[in-house]
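Trainee: Sequence:
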Amino acid sequence: MNYRYFNEATRTSVLKAVSDVGNAAAWQRFFDLYAGYVFAIARKKGLTDMDADDVVQLVFADLVRILPEFSYDRTKGRFRSYLTGLVNWRVMDKLRSNKRDSEQLDAYKTEAKVQSTVDSDFAERQWHAAALDEALRRIKPEVRPEHYAAFYASTIEGQDVETVMQLYNLSRDNLYQIRKRLTAKVKQKVTEVLAEMESPTL
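Under our numbering, the first residue of the sequence shown carries the number 1, and numbering increases by one thereafter.
Every clue listed holds true.
List of simulated lysine to aspartate or glutamate pairs, DMTMM-like, C-alpha gap at most 25 Å:
no., residue 1, residue 2
1, K140, E162
2, K44, E198
3, K44, D121
4, K185, E196
5, K180, E157
6, K187, E146
7, K185, E142
8, K44, D119
9, K185, E198
10, K140, D32
11, K185, E162
12, K180, D160
13, K140, E192
14, K187, E124
15, K140, E198
16, K185, D160
17, K189, D121
18, K44, D93
Quick list of the computed label-pair ranges, beta carbon to beta carbon:
no., residue 1, residue 2, range
19, D173, W89, 51 to 57 Å
20, I66, M92, 15 to 21 Å
21, R144, E192, 20 to 26 Å
22, S97, L167, 43 to 49 Å
In short, the hints are calculated from the structure, not lab data. Where a beta carbon is used, it is the ideal one built from N, C-alpha and C, also for glycine.
Use the sequences and the hints to build the structure in full.
Mentor: Laid out in structure tokens, this is it:
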């Protein structure tokens with residue numbers, strides 16, 4: 001996967017801002033879990049990369065303020081819904097601050113009144129994409145670099161098997177075993193990450 005979720009400078013800026021409010025390592029993990037999702041939703045709502053980066057920073061500034069005292073009640077819905085609502089609010093705030101986007105803001109207000117199936121499907125895909133991205137990030141240090149590279153190229157990027165075999169000097173059986181083993185690890189890790197994403201604890 002490894003597609004652009006947000007500017008690395010945004011990550012640095014956010015983590016620097018939260019370093020004084022508690023467990024920096026926990027906030028870094030929290031950022032890595034959710035920033036990609038926040039960025040993707042902001043872009044889907046029509047923001048530029050730069051404005052979406054701003055939304056990421058604004059949303060995490062909100063979370064830094066809210067989460068230490070936040071008590072999540074699962075009976076009232078999923079954390080993803082809460083987070084998406086926060087992103088939507090910040091997107092509208094960003095559009096409102098950009099006079100050039102006044103027509104876009106009017107259109108967005110109208111669209112926001114009805115959550116379409118397309119939006120729900122998109123959010124679902126991005127939520128799972130963020131979980132997969134984080135799962136891959138966690139698994140990478142546990143695997144031989146050449147095995148991870150071959151798995152990523154053939155399974156995630158979908159490169160031709162013959163090309164991957166030649167590139168990494170692997171037999172067909174070797175590549176099959178690598179893919180089988182790492183696919184199982186990734187599935188297990190994605191399940192763990194998804195559960196973690198729905199339990200917003202620091």
